[in-house]
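K.L.:
Residue strings, one per chain:
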Amino acid sequence: MSELSADDVKKVASLARLKLSPEEIARYQEQLDNVLSYVHRLDEVDTADVEPMAHAVEVVNVFRRDEPRASLDREQALANAPQSDGQYFLVPAILDEG
Amino acid sequence: MTTATPSTSQLLQQLTSGELAATSLVATCLDRIASEDERVGAFLHIDRDGAIEQAARIDERRRVGEELGPLAGIPVAVKDNICATGTKTTCASRMLENFVPPYDAHVIERLRAADAVLIGRTNLDEFAMGSSCENSAFQSTRNPWDLERTPGGSSGGSAAAVAAGMTPLSIGSDTGGSIRQPAAFCGVVGMKPTYGRVSRYGLVAFASSLDQIGPFANDVTGAAQLLEVLAGHDERDTTSINRPVPRYAESLEQPFEGLRIGIAKEHFVEGLDPEVEQAVHTAIDVYRSLGAEIKEVTLPHSEYCVAVYYIVAPSEASSNLARYDGVHYGFRAEKFDNMIDMYSATRGEGFGDEVKRRIMLGTYALSAGYYDAYYLKALKVRRLIRQDFDRAFEEVDVIASPVTPTPAFKIGELIDDPLAMYLNDIYTISANLAGTPGISLPCGFSSDGLPIGLQLQAAPFEEERLLRAARMYERETDWHTKQPDW
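As you go down the protein sequences, you meet chains A and B in turn.
For the record, in the first sequence the residue sitting at position 89 is 89 according to this note's numbering, with numbers rising by one throughout.
For the record, in the second sequence the residue sitting at position 257 is 257 according to this note's numbering, with numbers rising by one throughout.
Treat the hints as calculated values from the structure; they're not laboratory data.
All C-beta atoms in this analysis are idealised placements derived from N, C-alpha and C, irrespective of residue type, glycine included.
Mixed in with the good hints there might be a few duds.
[As the list claims (entries may be wrong)] What follows is a list of derived Cβ distance ranges for each label pair:
hint : chain 1 : residue 1 : chain 2 : residue 2 : range
1    : A       : GLU51     : B       : ILE340    : 34 to 42 Å
2    : A       : ALA54     : B       : ILE340    : 24 to 32 Å
3    : B       : SER251    : A       : SER71     : 55 to 63 Å
4    : A       : SER14     : B       : GLY271    : 50 to 58 Å
5    : B       : GLN13     : A       : ALA54     : 52 to 60 Å
6    : A       : ALA26     : B       : THR477    : 44 to 52 Å
7    : A       : ASP7      : B       : LYS410    : 52 to 60 Å
8    : A       : ALA26     : B       : GLU253    : 56 to 64 Å
9    : B       : GLN14     : A       : ALA26     : 38 to 46 Å
10   : A       : SER14     : B       : LEU68     : 37 to 45 Å
[What the hints assert, rightly or not] In silico DSS-like links for lysine-lysine, alpha-carbon gap of 30 Å or less:
hint : chain 1 : residue 1 : chain 2 : residue 2
11   : B       : LYS335    : A       : LYS10
12   : A       : LYS19     : B       : LYS335
13   : B       : LYS265    : B       : LYS410
14   : B       : LYS380    : B       : LYS265
15   : A       : LYS11     : B       : LYS380
16   : B       : LYS482    : B       : LYS410
17   : A       : LYS11     : B       : LYS482
18   : B       : LYS295    : A       : LYS19
19   : B       : LYS88     : B       : LYS335
20   : B       : LYS410    : B       : LYS295
21   : B       : LYS265    : B       : LYS295
[To be verified] Coverage of chain B stretches by chain A, computed from C-beta distances (three or more under 8 Å per stretch; other residues unrestricted):
hint : region
22   : 118–129
23   : 235–245
24   : 301–307
25   : 331–345
26   : 354–360
27   : 364–375
Whenever a hint applies, use it, and build me the whole structure from the sequences.
P.N.:
The following block contains the structure:
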């Protein structure tokens with residue numbers, strides 16, 4: 001039984017900001033469907049009174065003093081940027097000019 | 001098979017006594033890499049000059065009588081998803097092909113402070129996602145025992161480097177078995193500490209609630225010595241636990257009186273290779289002959305661990321990997337129409353197949369309408385898995401099991417079947433979900449001459465017991481001294 005349509009795969013790809021080729025969409029549709037069918041074995045487990053466990057060590061809030069300290073300087077922060085003007089990260093235009 | 005390169009403690013002894021110079025040790029390792037790594041492909045980057053300089057400084061400091069760190073002069077190879085200044089950290093991804101971290105990971109600071117010699121960066125499955133090193137964007141690593149086979153993954157480069165005698169020690173990260181499975185495939189010792197024992201600061205995040213850094217070595221003592229350096233509290237990782245670090249290597253030889261070993265019937269089921277099963281039972285017999293009590297325990301939810309993992313890990317990955325946007329660092333696509341298209345094209349081109357597959361799976365599991373059915377359900381079953389362990393560890397000190405269902409598989413064998421590849425992690429994943437420590441140690445060979453691993457698991461923060469129990473077996477056997485014959 002197929003759980004995932006090609007449209008579902010396209011929708012998820014768009015949510016995840018992944019540009020996929022038609023071949024990738026077809027392949028992921030089949031492979032993800034296989035994994036999800038496998039995952040459905042969890043349905044048989046009774047979890048009615050079970051709290052979800054998000055972390056292996058359930059630490060509560062960890063506080064530290066709110067003191068200023070050195071952070072990366074501008075040059076270091078920009079060093080790995082694909083595009084920068086030495087001052088800022090540069091991105092393509094976001095707003096239409098018209 | 002030839003017998004092995006010296007152990008870390010032998011090397012440390014020779015370095016301390018002046019019998020061996022750090023420069024000649026590092027030269028031996030670099031020569032070995034130069035002659036063997038073309039075939040194995042364990043390293044992505046070798047820091048020849050840096051390593052030689054570092055070794056020379058240590059020799060000089062020793063000569064003038066300065067106090068040196070606990071690993072002074074010992075070469076350590078580092079998985080290429082752990083940030084270190086001065087060299088690239090690529091995660092074996094096009095996305096980070098030219099990324100040079102602006103800071104050191106906590107474990108790198110610790111290794112530098114211990115005067116270890118960082119010799120190079122090892123291959124992995126892209127972003128640590130995979131079980132074979134075939135998902136690296138740059139190269140496949142081969143198993144030194146059989147070059148047609150994978151070294152396992154994702155820390156396959158670190159395991160292969162130790163197995164091939166290119167370095168006595170290396171570090172990796174383990175999110176679902178990524179240290180223990182390659183250790184088993186390559187016939188070396190590999191350990192995943194308790195979640196929170198080692199700081200994740202500077203480890204490139206894959207699944208933050210599961211990731212943990214740990215050691216590889218050619219014997220249990222080496223793993224203990226390296227863990228002692230890696231472990232400890234770090235406030236920059238809020239999940240790092242503030243507890244004293246025991247002197248693991250010191251207590252190692254103490255006999256473990258009254259050791260109770262658990263075996264779970266759920267670990268010996270269909271799909272387990274008969275030779276692996278036999279080797280593990282034989283190892284358990286060794287413990288029995290040493291006076292350990294062998295008890296049956298039950299881990300009733302272990303059959304669900306792969307399903308839970310392949311919801312939890314991809315969900316966290318889809319969130320963690322959202323940072324690769326082509327703006328702040330890393331790759332950016334050349335052709336795009338607008339800002340959104342720039343993100344999508346960058347991510348579509350910069351990530352490899354398995355990374356995209358997991359981002360897709362995680363995004364789906366977290367998306368509106370599916371969150372409760374998949375993600376929340378998986379987190380609830382995760383608690384049941386942890387409770388199984390809590391109950392079992394009331395009865396026993398360690399649980400013994402296989403590490404992997406089979407010895408190393410062939411390159412290309414599982415690459416087109418993600419689910420079959422995922423099932424390779426069936427015995428290792430539960431430790432990550434439960435946060436418990438686990439170690440893989442050599443316990444035999446298949447009829448094809450491939451290494452087989454024994455896994456021992458213990459309750460959280462019981463690394464000391466785990467290592468002592470492991471050493472107790474190792475002392476009685478010589479599997480760890482075997483090396484591939486070239």
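K.L.:
Each of the hints needs a verdict: does it hold here or not?
P.N.:
We went through each hint and held it up to the structure:
no., hint, in the structure
1, A/GLU51 <-> B/ILE340: 34 to 42 Å, "holds (38 Å)"
2, A/ALA54 <-> B/ILE340: 24 to 32 Å, "holds (30 Å)"
3, B/SER251 <-> A/SER71: 55 to 63 Å, "violated (40 Å)"
4, A/SER14 <-> B/GLY271: 50 to 58 Å, "violated (37 Å)"
5, B/GLN13 <-> A/ALA54: 52 to 60 Å, "violated (45 Å)"
6, A/ALA26 <-> B/THR477: 44 to 52 Å, "holds (50 Å)"
7, A/ASP7 <-> B/LYS410: 52 to 60 Å, "violated (37 Å)"
8, A/ALA26 <-> B/GLU253: 56 to 64 Å, "holds (58 Å)"
9, B/GLN14 <-> A/ALA26: 38 to 46 Å, "violated (59 Å)"
10, A/SER14 <-> B/LEU68: 37 to 45 Å, "violated (56 Å)"
11, B/LYS335 <-> A/LYS10, "holds (20 Å)"
12, A/LYS19 <-> B/LYS335, "holds (12 Å)"
13, B/LYS265 <-> B/LYS410, "holds (28 Å)"
14, B/LYS380 <-> B/LYS265, "holds (23 Å)"
15, A/LYS11 <-> B/LYS380, "holds (27 Å)"
16, B/LYS482 <-> B/LYS410, "holds (21 Å)"
17, A/LYS11 <-> B/LYS482, "violated (52 Å)"
18, B/LYS295 <-> A/LYS19, "violated (53 Å)"
19, B/LYS88 <-> B/LYS335, "holds (26 Å)"
20, B/LYS410 <-> B/LYS295, "violated (35 Å)"
21, B/LYS265 <-> B/LYS295, "holds (11 Å)"
22, 118–129, "violated (count 0)"
23, 235–245, "holds (count 4)"
24, 301–307, "holds (count 5)"
25, 331–345, "holds (count 11)"
26, 354–360, "holds (count 4)"
27, 364–375, "holds (count 3)"
Checked against the numbered hints above, the structure breaks hints 3, 4, 5, 7, 9, 10, 17, 18, 20 and 22 and satisfies the rest.
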